[in-house]
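S.K.: Take a look at the letters that make up each chain.
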Amino acid sequence: MYRYDEFDLGFVSGRVDQFRDQVRRRIAGELTEEQFRPLRLMNGLYLQLHAYMLRVCVPYGTMNAPQLRKLAHIARKYDRGYGHFTTRQNIQFNWPRLQDVPDILEELSEVEMHAIQTSGNCIRNVTTDQFAGAAADEIIDPRPVAEIIRQWSSLHPEFTFLPRKFKIAITGAPEDRAAVRFHDIGLMAQEDEAGEVGWSVYVGGGMGRTPMIGQRIRNFVPHEDLLAYLESVLRVYNRYGRRDNKYKARIKILVHEEGLATIREQVDSEFEKVRGGILTLPEEELSRIRAYFAPPQFVLSDDRFNLADLKRNDAGFARFVEYNSHPHRQAGYTSLTISLKPIGGVPGDATAEQMEVVADLAERFSFNELRVSHEQNLVLPHVAIRDVRAVYDVLKEYALAEANVGLITDMITCPGLDYCALANARSIPIAQDLARRFGTPERQAEIGPLKINISGCINACGHHHVGHIGVLGVEKKGTELYQLTLGGDASESAAIGDILGPGIVAEAVPDAVERLVQTYLGLRETKDETFIAAVKRVGAVPFREAYLAT
Amino acid sequence: MQILTANELLSGASVYFGDDRHWHQDIQRARIFSETEASELDGLIAAAVATKRLISVAAEKVRIDKGRVVAQRLRERIRAEGPTSPRHAVQPLRESDHVSL
Ligand code: SF4
Chain U
3 MYRYDEFDLG FVSGRVDQFR DQVRRRIAGE LTEEQFRPLR LMNGLYLQLH AYMLRVCVPY
63 GTMNAPQLRK LAHIARKYDR GYGHFTTRQN IQFNWPRLQD VPDILEELSE VEMHAIQTSG
123 NCIRNVTTDQ FAGAAADEII DPRPVAEIIR QWSSLHPEFT FLPRKFKIAI TGAPEDRAAV
183 RFHDIGLMAQ EDEAGEVGWS VYVGGGMGRT PMIGQRIRNF VPHEDLLAYL ESVLRVYNRY
243 GRRDNKYKAR IKILVHEEGL ATIREQVDSE FEKVRGGILT LPEEELSRIR AYFAPPQFVL
303 SDDRFNLADL KRNDAGFARF VEYNSHPHRQ AGYTSLTISL KPIGGVPGDA TAEQMEVVAD
363 LAERFSFNEL RVSHEQNLVL PHVAIRDVRA VYDVLKEYAL AEANVGLITD MITCPGLDYC
423 ALANARSIPI AQDLARRFGT PERQAEIGPL KINISGCINA CGHHHVGHIG VLGVEKKGTE
483 LYQLTLGGDA SESAAIGDIL GPGIVAEAVP DAVERLVQTY LGLRETKDET FIAAVKRVGA
543 VPFREAYLAT
Chain L
1127 MQILTANELL SGASVYFGDD RHWHQDIQRA RIFSETEASE LDGLIAAAVA TKRLISVAAE
1187 KVRIDKGRVV AQRLRERIRA EGPTSPRHAV QPLRESDHVS L
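Order-wise, the sequence lines are chains U and L.
Take the first sequence: its letter number 210 is residue 212 in this note's numbering, and every next letter is one higher.
Take the second sequence: its letter number 32 is residue 1158 in this note's numbering, and every next letter is one higher.
Quick caveat, the hints were computed from the structure, so don't treat them as lab data.
Hints should not be assumed to be uniformly reliable.
[As the list claims (entries may be wrong)] Covered by chain U, according to a simulated footprint, are these stretches of chain L (three or more residues, beta-carbon under 8 Å):
| # | stretch |
| --- | --- |
| 1 | 1137-1148 |
| 2 | 1209-1219 |
[Unchecked claim] Taking beta-carbon pairs under 7 Å as the criterion, some of the chain L residues facing chain U (in silico):
| # | residue |
| --- | --- |
| 3 | Asn1133 |
| 4 | Arg1155 |
| 5 | Ile1158 |
| 6 | Lys1178 |
| 7 | Leu1227 |
[Claimed, not checked] Computed cross-link-like contacts, DSS-like style, restricted to lysine-lysine with a CA-CA straight-line distance of at most 30 Å:
| # | chain 1 | residue 1 | chain 2 | residue 2 |
| --- | --- | --- | --- | --- |
| 8 | U | Lys250 | U | Lys479 |
| 9 | L | Lys1192 | U | Lys479 |
| 10 | U | Lys248 | U | Lys478 |
| 11 | L | Lys1187 | U | Lys478 |
| 12 | U | Lys248 | U | Lys529 |
| 13 | U | Lys248 | U | Lys313 |
| 14 | L | Lys1178 | U | Lys479 |
| 15 | U | Lys478 | L | Lys1192 |
| 16 | U | Lys529 | U | Lys313 |
| 17 | U | Lys250 | U | Lys478 |
| 18 | U | Lys167 | U | Lys275 |
| 19 | U | Lys398 | U | Lys167 |
| 20 | U | Lys248 | L | Lys1192 |
| 21 | U | Lys79 | L | Lys1187 |
| 22 | U | Lys313 | U | Lys79 |
| 23 | U | Lys167 | L | Lys1178 |
| 24 | U | Lys248 | L | Lys1187 |
| 25 | U | Lys313 | U | Lys250 |
| 26 | U | Lys250 | U | Lys275 |
Just so it is clear, CB atoms sit at the ideal spot from N, CA and C, and this is done for glycine as well.
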């Protein structure tokens, strides 16, 4: 993975010193909260319901073992012994004290991490496929380009005060595991007629109160022109984005109001000016960055799982292999997802001890590499198939072997009203109730792939719009209500869920989801027809009827 | 009926303005402002902000339920008691975190 050069080291440690002084001045009363707030937000420090919250960046979801071990140390020393992994592949600490934050940032800088640009109206952490560099279906490893985008967008003088925050996702595989069409800019690897790999660019996607699916603005941008093209899109947005209204300030509104053709014209005109200039990415530079992401020294092997055999002899392990492993491009290897969705637990949370265990496993079995998925799980990207049993045994010991990846209990869930100052309703207890209702292995296997996403307010950090079943917390006359949506899809067949009916109280959510699941089980054509495929085939009507029936 | 609440600067903890003009962690120690006393709130909010030790200073509606102060909004009840599932204690104040007006 990428290692900081002298510039990066100086930049990050300079920021720590700067923030230390800002905190000192705030505590000494030299700065008001109004003056300090933008400074702390630029360093990822929010004030939530109960305490400060520090959001630490995990660039494109890629970490190594020492970094995860450092996060465990921070959780234990400065927080309450746990951290929360987010849908931007970052980690949040819920209980730091203000004076400790400069020390935390200093400790992070020791392992080449920081919290810069995890807040504010700037370009946020670029997210990518959690199996990047490992997936069997990958056209290209997107991480070198993600790293180049990180470098270009870090403290970019022109784009530090955009109309609103700006999110970029990138995937190198045809199966979209990074929800690229729900980002301000989404990039998908593409091959042109000559077999050259470049990028198909989508613009104007997003969730929040006005969910929109990104539209393709350009079919193919070669590597060398990518930064110039991104710069052109950002310039058009920075110039014309609605600064007059916070709720209309994202690029999706600009694209919607002006129309894709107009935006394309403006971007193209800008692109003509900057193309071929200093933003051109020379092949040598791309190769230099690529070298950081060179594949590890795999041991040649033709090991494979024998699932039928495993199912006969060890059902628990067989389930883990079936749901938590992902095809690897190297024969004899697999990528293992470590579910952070234990039945009845808090989705996305990991204790310090669990982080240390996963860091050890990464060192021993995954060439020191780790990933955070936007679905709030951890990934060991390169595990030899012959080592999977040993990994599983350790995971089991630390309550990390839940075999539910992609199943109904693998829910994306935002912190909601238990922590978040913007929330209308709680998310975590809803996820816990649903997990308890559907959590037996037999039940989950019977239902098959099904994504439930839960947000505590319309900001949609829990991606409810793209849940096959989405759950949105709203508040009515002091009561938490939950609005259910159906048919959302974050994959390459992107879709926004439809609202099923009036909001319901928390206690009614498991029964309502039960009725949707029963409807699906009753109408699926075969056991292989997934929930979302069935919804797309038959439409929402039978589900809506089931939802409304009490 | 209203109370005055804020987050304390060093810890970020939720605190409540008490009869003794100190800011307390326990909502039960909050001073209750009746309708007729509401005019005092603006001045107290300004004084609290001026300490530079309190953030998000705001008045909140409450009711008295079996002798206990209960915030009207669920958000405020969770703020007063901590996350619900699993239950976590609220952020503790240390000696240096105490503020008074
Ligand atoms: S969706 Fe709303 S409640 Fe959930 S984390 Fe985002 S802002 Fe907070």
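S.K.: Decide, hint by hint, whether the structure agrees.
M.R.: Hint check:
Taking a C-beta to C-beta cut-off of 8 Å, the stretch 1137-1148 of chain L contributes 4 residues in contact with chain U, enough for the three needed, and the coverage statement holds. As drawn, the stretch 1209-1219 of chain L meets chain U at 7 residues by the rule of a beta-carbon pair under 8 Å; at three or more, the given contact holds. The beta carbon of L:Asn1133 is positioned within 7 Å of a beta carbon in chain U (closest approach about 6 Å), and the interface hint is therefore held. The closest approach between the C-beta of L:Arg1155 and any C-beta of chain U is roughly 18 Å, which is over the 7 Å cut-off, so the hint fails.
Interface hint status for L:Ile1158: violated, as the beta-carbon distance to the closest one in chain U is roughly 19 Å, over 7 Å. This hint holds: L:Lys1178 has a C-beta 5 Å from the nearest C-beta of chain U, less than the 7 Å allowed. With its C-beta approaching chain U no nearer than about 15 Å, L:Leu1227 sits outside the 7 Å limit, and its interface hint is violated. A C-alpha spacing of about 27 Å is found between U:Lys250 and U:Lys479, which places the hinted pair at or below 30 Å, so the restraint holds.
The hinted pair formed by L:Lys1192 and U:Lys479 meets the criterion: a straight-line CA distance of about 22 Å does not exceed 30 Å. Taken as a hint, the U:Lys248 and U:Lys478 pair is honoured in the structure, with Cα atoms around 23 Å apart against an allowance of 30 Å. For the proposed pair L:Lys1187 and U:Lys478, the alpha carbon gap of about 16 Å is at most 30 Å, so the pair holds. For the hint pairing U:Lys248 with U:Lys529, the CA-to-CA distance comes to about 46 Å; that exceeds 30 Å, so the pair is violated.
Taking the CA atoms of U:Lys248 and U:Lys313, the gap is near 53 Å; set against the 30 Å cutoff, the hint is violated. Proposed proximity of L:Lys1178 and U:Lys479 is contradicted: the alpha carbons are some 34 Å apart, above 30 Å. Proximity of U:Lys478 to L:Lys1192 is assessed by CA-CA distance (about 25 Å); at most 30 Å being required, the pair is judged to hold. Taking the CA atoms of U:Lys529 and U:Lys313, the gap is near 18 Å; set against the 30 Å cutoff, the hint holds.
Restraint check: the Cα-Cα separation between U:Lys250 and U:Lys478 comes to about 24 Å, which is no more than 30 Å; the hinted pair holds. For the proposed pair U:Lys167 and U:Lys275, the alpha carbon gap of about 25 Å is at most 30 Å, so the pair holds. Between U:Lys398 and U:Lys167, the direct Cα distance comes to roughly 39 Å. Violation of the 30 Å bound is thereby established for this hinted pair. For the suggested pair U:Lys248 and L:Lys1192, the alpha carbons sit about 43 Å apart, so the restraint of at most 30 Å is broken.
This hinted pair does not check out: U:Lys79 and L:Lys1187 have alpha carbons roughly 37 Å apart, beyond 30 Å. At most 30 Å may separate the alpha-carbon atoms for a hinted pair to count; U:Lys313 and U:Lys79 exceed this at roughly 42 Å. A threshold of 30 Å between alpha carbons decides the hint, and for U:Lys167 with L:Lys1178 the separation of about 28 Å falls inside it, so the pair holds. For the given pair, U:Lys248 sits about 28 Å from L:Lys1187 by alpha-carbon distance, which is consistent with the 30 Å threshold.
Annotation: proposed proximity of U:Lys313 to U:Lys250 is violated, straight-line Cα distance about 52 Å (limit 30 Å). With a CA separation close to 28 Å, the supplied pair U:Lys250 and U:Lys275 stays within the 30 Å bound.
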